[in-house]
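S.K.: Chain by chain, the residues run as shown.
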Amino acid sequence: MALRCMDLYKSFGQVQALAGLWIEFQPGVTAIVGPNGAGKTTLLNVLTGFLKPDRGRCLVGARDITGLSPDRIARMGIARTFQDLRLITQVSVLENVLLAMPPERGERLFWALFGGGRAASEDRAREEARNLLRSVGVEQKASSLAGEISYGQQKLLSLACCIASCASIVLLDEPVAGLDVVVASQVMNILRRLGSDGKVTVFIEHDISAVRCVADVVVVMDEGRIVAQGRPEEVLTRPEIAEVYLA
Amino acid sequence: MTYAGHVLILVGIYVVLASSLQLVAGYAGLLSVSHAAFYGIGAYTAALLAVRGVSEFPASVCASYVLGYVLGIGVGWLTVRVRDDYFAIATFAFNLVVVSVLNNCVWVTGGPMGVAGIPAPRVFGVEASSLGAMLALVYSVALLSLLLCYRIARSPYGRVLRGMREDEVFVLSQGRNVRYYKLTVFATGAAVAAVAGCLYAFYVKFVDPTSFSVGESVFLLSIVIIGGLGSFWGGVIGATVGVVVPEALRFLGLPVAQVGNLREIIYGIALILMMLARPQGLVGRFRLDVE
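So the sequences go chain by chain: W and E. Numbered as in the numbering used here, the first sequence ends at 250 without a single skipped number. Numbered as in the numbering used here, the second sequence ends at 320 without a single skipped number.
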């Protein structure tokens, strides 16, 4: 299922963050690169409902998601991470993953009060969450508070949360920024896996080597527009792109 | 024995209040300054029904619960749109409105004179006028409110509340409708506080607006913070400390007029010390100073 943006505009006062942006994200891994202020994070915020566009539409398949609330968009199968790493730091790593899983019956007040003992579905969910943590390499920290694990492990946890949501579209804001080589390579492997599972995986990144390594498609943004799009080896070698982005 | 029974009954009523506020403030992170208003609404509901001949305890509890829940939904619908300090101010304003209504709707509430002559509660036709019967009623309700608190805290619903307390954006981005959780937990807390009011009215046999002021709401919030926000036992311990310490001051031989003032001073100092030395409260885990 593709994610499309049609003629998106978004401004903050005099600053035009998105200026008539058209793009279609297909299953596989797409990297968005561009200088600071190019509108990359604004695009993610518009796509996930945290910002409303001034004009234009966002579609998942044929379904218009423009202006829907973030929780509705998330329930439609769009997961995301944030640049400033949002996790529930005062609960356990496992509980963070459980919170990211698709909503269950016990999350309604009535069932919480009258639903009998701990449901079998809750035990299943815990088992699934442990498996997920194992697959991203932080299973040994399952009982630790999310605020007490290392930055790299927190990044892996935020990816585990995206996977746990069973979303078909995953939007990641700088997933390898600030990571050492080992954890960065773990993150890149997870991105590849998401792409090969047929998910629309879009990530914003400044680390060009990570982009070359993982992305099937690279999109270059500047001043709220797409200035280039294509395979990384084609796009990133163009002199005009190097001038805009690597200057 | 009578005096100890009186203290135990007050502790029981405050356990109900503290556990209900624990749901709202401790688990969901909504620092409500209107809990005493719902407490008062429950107390007046029971009092007005009782003086008109309906003193059946289960009926009064149901009426208080339903009215508390409905008003909780209404107030929550207006106030949960704003967050943090703004939410506290909005709920503070609601408490002021309720006290003002209680003072001014004299033909219904008796105004500043309150409602006196509340008869003893009846349970399925049997009058519960003795201290022992009142203790049984209060602690049955306290146990039920603790059970409710426990069920919610241990459920997936409680997990979403804890997530929301710390980071609403994260919870929203995981597809949870934050407004549903805020509204339902606020209304549930309000309804249980109203039931505590029902117990208070039947025990004291007199209600007036001074018992449900903003000061009382702040006091309730302070006992939950002292006990420990987000902790099951925090509400119980906070309520016990909040009732027993002022009672203990009686034995210092101070004039009665000074005991009330001393209570305010002690809670003020206790709150400051608690925020400095143990922000998570006596038995709490959650700190208010989240960075």
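For the record, the hints were derived by calculation from the structure and aren't laboratory data. Idealized CB from N, CA, C, for every residue including glycine. Just to be clear, a hint being listed does not mean it is correct.
[What the hints assert, rightly or not] Restraint-style ranges between C-beta atoms, simulated for each label pair:
| id | chain 1 | residue 1 | chain 2 | residue 2 | range |
| --- | --- | --- | --- | --- | --- |
| 1 | E | Gly-244 | W | Ser-147 | 28 to 34 Å |
| 2 | E | Pro-308 | W | Ser-146 | 21 to 27 Å |
| 3 | W | Ser-124 | E | Phe-280 | 51 to 57 Å |
| 4 | E | Ala-145 | W | Ser-146 | 51 to 57 Å |
| 5 | E | Gly-244 | W | Gly-181 | 46 to 52 Å |
| 6 | E | Gly-103 | W | Glu-226 | 45 to 51 Å |
| 7 | E | Gly-103 | W | Arg-66 | 31 to 37 Å |
| 8 | W | Tyr-12 | E | Ala-122 | 37 to 43 Å |
| 9 | W | Arg-108 | E | Ala-145 | 45 to 51 Å |
[Claimed, not checked] Derived DMTMM-like pairs (lysine to aspartate or glutamate); straight-line CA-CA distance at most 25 Å:
| id | chain 1 | residue 1 | chain 2 | residue 2 |
| --- | --- | --- | --- | --- |
| 10 | W | Lys-144 | E | Glu-195 |
| 11 | W | Lys-55 | W | Glu-27 |
| 12 | W | Lys-55 | E | Glu-156 |
| 13 | W | Lys-55 | W | Asp-10 |
| 14 | W | Lys-144 | W | Asp-183 |
| 15 | W | Lys-144 | E | Glu-245 |
| 16 | W | Lys-144 | W | Asp-225 |
| 17 | W | Lys-55 | E | Asp-113 |
| 18 | W | Lys-144 | E | Glu-276 |
| 19 | E | Lys-234 | E | Asp-113 |
| 20 | W | Lys-55 | E | Glu-197 |
| 21 | W | Lys-55 | W | Glu-107 |
| 22 | E | Lys-234 | E | Glu-197 |
| 23 | E | Lys-234 | E | Glu-85 |
| 24 | E | Lys-234 | E | Glu-245 |
| 25 | W | Lys-55 | W | Glu-226 |
| 26 | W | Lys-55 | W | Asp-183 |
| 27 | W | Lys-144 | W | Glu-125 |
S.K.: All hints, please: hold or fail.
M.R.: Hint check:
1. E:Gly-244 to W:Ser-147: 28 to 34 Å: violated, 41 Å
2. E:Pro-308 to W:Ser-146: 21 to 27 Å: holds, 23 Å
3. W:Ser-124 to E:Phe-280: 51 to 57 Å: holds, 54 Å
4. E:Ala-145 to W:Ser-146: 51 to 57 Å: Hint holds: Cβ distance 56 Å, inside 51 to 57 Å.
5. E:Gly-244 to W:Gly-181: 46 to 52 Å: holds, 48 Å
6. E:Gly-103 to W:Glu-226: 45 to 51 Å: holds, 47 Å
7. E:Gly-103 to W:Arg-66: 31 to 37 Å: Since the Cβ atoms of Gly-103 (chain E) and Arg-66 (chain W) sit about 34 Å apart, the hinted range of 31 to 37 Å holds.
8. W:Tyr-12 to E:Ala-122: 37 to 43 Å: With Cβ atoms ~39 Å apart, the hint holds.
9. W:Arg-108 to E:Ala-145: 45 to 51 Å: Given range 45 to 51 Å: holds, Cβ gap about 48 Å.
10. W:Lys-144 to E:Glu-195: Roughly 20 Å separates the two Cα atoms, so the pair holds.
11. W:Lys-55 to W:Glu-27: holds, 19 Å
12. W:Lys-55 to E:Glu-156: violated, 61 Å
13. W:Lys-55 to W:Asp-10: OK: Lys-55 (chain W) and Asp-10 (chain W) at ~13 Å, within 25 Å.
14. W:Lys-144 to W:Asp-183: holds, 19 Å
15. W:Lys-144 to E:Glu-245: violated, 43 Å
16. W:Lys-144 to W:Asp-225: violated, 40 Å
17. W:Lys-55 to E:Asp-113: OK: Lys-55 (chain W) and Asp-113 (chain E) at ~23 Å, within 25 Å.
18. W:Lys-144 to E:Glu-276: violated, 47 Å
19. E:Lys-234 to E:Asp-113: violated, 37 Å
20. W:Lys-55 to E:Glu-197: holds, 18 Å
21. W:Lys-55 to W:Glu-107: Status violated; Cα separation ~28 Å.
22. E:Lys-234 to E:Glu-197: Given pair Lys-234 (chain E), Glu-197 (chain E) is violated - Cα atoms ~43 Å apart, limit 25 Å.
23. E:Lys-234 to E:Glu-85: holds, 14 Å
24. E:Lys-234 to E:Glu-245: Satisfied, since the Cα-Cα distance of roughly 19 Å is no more than 25 Å.
25. W:Lys-55 to W:Glu-226: holds, 18 Å
26. W:Lys-55 to W:Asp-183: Violated. Lys-55 (chain W) to Asp-183 (chain W) sits at ~35 Å, over the 25 Å cutoff.
27. W:Lys-144 to W:Glu-125: holds, 20 Å
Violated hints, in rising order: 1, 12, 15, 16, 18, 19, 21, 22 and 26; the structure is consistent with all others.
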